[in-house]
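*Asks:* Spelled out from the first residue to the last, the chains are:
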Amino acid sequence: MYSDLLNALPEVFGLANFLAVIIGVIAGIVVGAMPGLSATMAISVLVPFTFGLEPLVALGLMAGIYNGAMYGGAIPAVLLRIPGTPAAVATTFDGYPMAQRGEGGFALQVAVVSSSIGGIASAFALMLLAPPLSKVTLLFGPAEVFWVAVFGLASIIFLLGGSPVKGLISACFGVFVSVIGSDPIFGSDRFTFNQLELLDGISIVILLVGLYALPPVIDLLETPLKTGVSEDKLGTEPIWKALPRMKGFWKTWIRGSLIGIWIGILPGAGGSMAAFMSYNEARRASKHPERWGEGEPEGVAAAETANNADTASALIPALTLGIPGTAVAAVMLGGLLVHGLQPGPMLFRDNPDVVFGFMWQFLFGAILLVLLGGSLATNSFARLLNLPRPLLGSIIIVLMLIGVYSIHGRMFDVYLMLGFGAVGWVMDKLKFPLPPVVLGLILGAFAEENLRLALRIGRGDWGVLFRNTTSLVLVALTIAVIVGPGLKKRILDARKARTAD
Amino acid sequence: MTEARRNRLLRPETLTAIGLIVAATGFLIPTFDLRPISALLPAAMLIGLIVLSALLLVSDQRKAAAGEVAKPVSTAPGRVIGAFALIVGYAVATDLLGFYPSTIVIIPLVSAIFGYRSPLGLVIATAIVVGSIWLIFDFGMSQDFPAGRLWQD
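Quick note, the sequences are listed as chains L and Z, same order. Numbering follows our numbering, in which position 301 of the first sequence is assigned residue number 301; successive positions increment by one, without gaps. Numbering follows our numbering, in which position 51 of the second sequence is assigned residue number 51; successive positions increment by one, without gaps.
Calculated directly from the structure, the hints in this document are not laboratory data. Treat each hint with caution, since some may be false.
Listed next, the in silico DSBU-like pairs over lysine-lysine satisfying Cα-Cα at most 35 Å (straight line) [as the list claims (entries may be wrong)]:
1) Z:K63 <-> L:K496
2) L:K247 <-> L:K287
3) L:K496 <-> L:K251
4) L:K429 <-> L:K489
5) Z:K71 <-> L:K489
6) Z:K71 <-> L:K287
7) L:K135 <-> L:K496
8) L:K135 <-> L:K251
9) L:K251 <-> L:K488
10) L:K488 <-> L:K429
11) L:K496 <-> L:K429
12) L:K251 <-> L:K287
13) L:K489 <-> L:K251
14) Z:K71 <-> L:K241
15) L:K135 <-> L:K241
16) L:K488 <-> Z:K71
17) Z:K63 <-> L:K247
18) L:K431 <-> L:K489
19) L:K241 <-> L:K251
20) L:K429 <-> L:K287
21) L:K241 <-> Z:K63
22) L:K488 <-> L:K431
23) Z:K63 <-> L:K488
24) L:K287 <-> L:K241
25) L:K496 <-> L:K287
26) L:K287 <-> Z:K63
27) Z:K63 <-> L:K429
28) L:K489 <-> L:K287
The structure displayed is predicted, hence computed values, not measured ones.
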C-alpha cells in the first residue's frame, strides 16, 4: 500500500520540484505576512500561471505556499496584533504581549518551530491515512461516487457553520455554474447563449480568481490600513540559540498536532478552530494559566502548531473523496483539476507518482519552514509589513488579469472573472460561504456524470441509487450531516433550559 | 442603532434575494427547451435557488419587522465603487489599447488614488512590475498579451 509513496520520493528531489517548494514557502510567508492576503488568495492567483508547468512543480508551489502562509500569518499577529491570516488570531494573544516587551523575535522563532512541527505531523498523517482510505474508495461505482459528491456538498454546507440557507444558495450557484456549456452526454448547449467561449464550460480558475482574489484586493483598497513595525520589537537571535528555551513545549506540540490533524480532517472546521482549541487545551493543562495572555511563549506554540497541523490533513478527505475540509483545500482541488487530476477515488490509482509526490512536498515544505523562516528571514519578512497596500493591490490586479487571460488567450475570460469577482465580493460581505461555490463547481459536473451513468446502468431505474450497502451508508451519513447540527443544537438548548430550571 | 433605510426592501439581504429570484427565473426559461435528463440538474438548482432566496427574503424581512438593523455592505461605498470601476476600466483599456500601455497607467493610478503618492516610489514600482512581466512572460515564456483592438482595426 505504501510502496507507491516510496517510489514517488526520487521524483520529488528533482531540481525543479524541490525549487518549487522553496519558492512556494518563501512566497507563502510573504503572502501570509501581509494582512488581508491569504493562502487561498495566493493559490487562486497562482493556479493559472502553473498551466505550462509539470504537475509536481505546480503542486510543490501550492504545498509550499500553504505551509508558508500559515506561519507567515504569525508575523503581523506577533508584531502588530493584526493576524495575517484568520488562523493566526490565537497567536496574537501571547505573541503581541511578547513583542511589546521586546521578545518579538523569540515569539516568531517559537512560531516558526511550532509551525514546522505541526506541518511535519500533518504531512505524516496525510501519508499514513490517505492511501488506505483511497483503497476503500476505489471500490465505489457510479452510484456510490454520486452519493460521495452529495455527501461532500452537504458536509461543507452544514458543517461550515453560519446560515445553512446561505450555504445551500452558494452550493446551488456553484452546481449551476458547473452545468454551463455542452451537455456531457447529448452535447446540447446549456446556457451558452450562442457564446462560443462558453461551449467548454467555465474554467474553475476563472471562478477561483474572481471569488477569492478580487474581494481581498477591493478590501486592500477600501481600508487604507497603516502597517509598519519598528525593529526594537524584534530582538532576534539565531534560532539554534533559542531552541533550548523551547524544550519544555513538547507536550504542547504533540497535543496541538493531534488537535490540528483531527480538525483538518473534519470538513468545514479549519485552522482557526484548531488554533483556538489547541490554545485552550494547552492553557488548561498549564501549571501557570494566569500567565497566558500576558506573553506566554507556550501560547504561541499551541496556536501555531495546531494551525499548521491542519494543512496537510485537510487534504485527506479532499484527495481521497474529493471533499475539501477548508477553503484552501477547495482551491487546491481546483489546482489539481487544472492539471487534469480529478480528486477522488481514481486519483491514487491513475496518478500515484503525482499524488504521493505532493505528500512528500508537504513534508519538505514543513521542514523548510524552519530554515527559510529563521531569524534573518524573519527580520526581512517583518519589513514587508511596510509595503504600501494600494501599490500591492494594483500589482495583484495586474497579476489577476495576466493569469486569467493566459488560460485561453481571450479577454472574455477576464470579463467573466470580474463578474464572478463582483458576485464574490457581495457574497463575502453578506456572509455567504464561498467554499460551497467552488465545491459545487467541482462536484456538480462530477455528480451529474455519475448520476447519469448509474441511471444508464440501471436502465432508467432510480432505485439503482439505493441498491447497495455502501450507497445506503453514504445516504445515512448525508442525512446525519444535514440533521446533525440542528439536532445537537436542540439537545444543547434543552440541556441548558433544564439546568436553568 | 436605528435603521437608516426608509424602505425595508432596500436591506442588502432582501435586495440580494430578489436579485437571485429574478436571475434564477430568467435562467429557468431556457431549460424548457432541453431534454428532461439534460435539464434535470440545472432546473433543480435554479428552483432550489428560487426557493432558498425566498426563504432568505422572508427571514430578512422578519428581522426587519423585529427591528433588527441591517449592517451596510461597505463602510466606504465610494472607495469600493471606485476600485471596481478602475479594475473594469483597466480590463476594457487592456482590450482596446493593449496590455502594456494600460498597465503602465493603472499601477500608479490605482496606487495614487488610494493613498500611495510617492512619485519616485510609483515610478520604480511600475518599472519593476512591468519590466518583470515583460522579462518573465513575454520574453521568457513567449506569452502573448492583448495588443489592443483599436490598433488592430
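*Asks:* Does each hint hold? Answer for all of them.
*Replies:* Okay, the hints, checked on the actual structure:
Distance restraint check for Z:K63 and L:K496: the Cα-Cα separation of roughly 25 Å lies within the 35 Å cut-off, and the hinted pair is therefore satisfied. For the hint linking L:K247 to L:K287, the alpha-carbon distance of about 16 Å falls within 35 Å, and the restraint holds. The suggested pairing of L:K496 with L:K251 holds, with an alpha-carbon distance near 34 Å, which does not exceed 35 Å. As the CA atoms of L:K429 and L:K489 are separated by approximately 26 Å, the hinted pair is consistent with the 35 Å bound.
Between Z:K71 and L:K489, the direct Cα distance comes to roughly 26 Å. Compliance with the 35 Å bound is thereby established for this hinted pair. Among the hinted pairs, Z:K71 with L:K287 is inconsistent with the structure: their alpha-carbon atoms are about 43 Å apart, more than 35 Å. A distance of roughly 44 Å separates the Cα atoms of L:K135 and L:K496; the hinted pair therefore is violated under the 35 Å criterion. About 33 Å separates the Cα atoms of L:K135 and L:K251, which keeps this hinted pair within 35 Å; it holds.
Taken as a hint, the L:K251 and L:K488 pair is honoured in the structure, with Cα atoms around 32 Å apart against an allowance of 35 Å. Distance hint between L:K488 and L:K429 is fulfilled; the C-alpha atoms sit about 28 Å from each other, no more than 35 Å. Pair hint L:K496 plus L:K429 holds up; C-alpha atoms about 33 Å apart against a cutoff of 35 Å. Proximity of L:K251 to L:K287 is assessed by CA-CA distance (about 13 Å); at most 35 Å being required, the pair is judged to hold.
The suggested pairing of L:K489 with L:K251 holds, with an alpha-carbon distance near 33 Å, which does not exceed 35 Å. Among the hinted pairs, Z:K71 with L:K241 is inconsistent with the structure: their alpha-carbon atoms are about 50 Å apart, more than 35 Å. For the hint linking L:K135 to L:K241, the alpha-carbon distance of about 45 Å lies beyond 35 Å, and the restraint is violated. Taking the CA atoms of L:K488 and Z:K71, the gap is near 29 Å; set against the 35 Å cutoff, the hint holds.
Distance restraint check for Z:K63 and L:K247: the Cα-Cα separation of roughly 53 Å exceeds the 35 Å cut-off, and the hinted pair is therefore not satisfied. Note on L:K431 and L:K489: the hinted pairing holds, with a Cα-Cα distance of about 21 Å set against a maximum of 35 Å. Only pairs whose Cα atoms come within 35 Å are accepted, and L:K241 paired with L:K251 is accepted, the gap being roughly 21 Å. Restraint check for L:K429 and L:K287: the C-alpha separation of about 42 Å exceeds 35 Å, so the hint is violated.
Note on L:K241 and Z:K63: the hinted pairing is violated, with a Cα-Cα distance of about 58 Å set against a maximum of 35 Å. Restraint check for L:K488 and L:K431: the C-alpha separation of about 23 Å stays at or below 35 Å, so the hint holds. Annotation: proposed proximity of Z:K63 to L:K488 holds, straight-line Cα distance about 24 Å (limit 35 Å). For a cut-off of 35 Å, the pair hint linking L:K287 to L:K241 stands: about 25 Å separates their Cα positions.
Of the supplied pair hints, the one linking L:K496 and L:K287 holds, its CA atoms being roughly 31 Å apart against a limit of 35 Å. Of the supplied pair hints, the one linking L:K287 and Z:K63 is violated, its CA atoms being roughly 47 Å apart against a limit of 35 Å. Among the hinted pairs, Z:K63 with L:K429 is consistent with the structure: their alpha-carbon atoms are about 18 Å apart, no more than 35 Å. Simply put, L:K489 and L:K287 have alpha-carbon atoms about 34 Å apart, close enough for the 35 Å limit, and the pair holds.
Consistency note: the structure conflicts with the earlier hints numbered 6, 7, 14, 15, 17, 20, 21 and 26.
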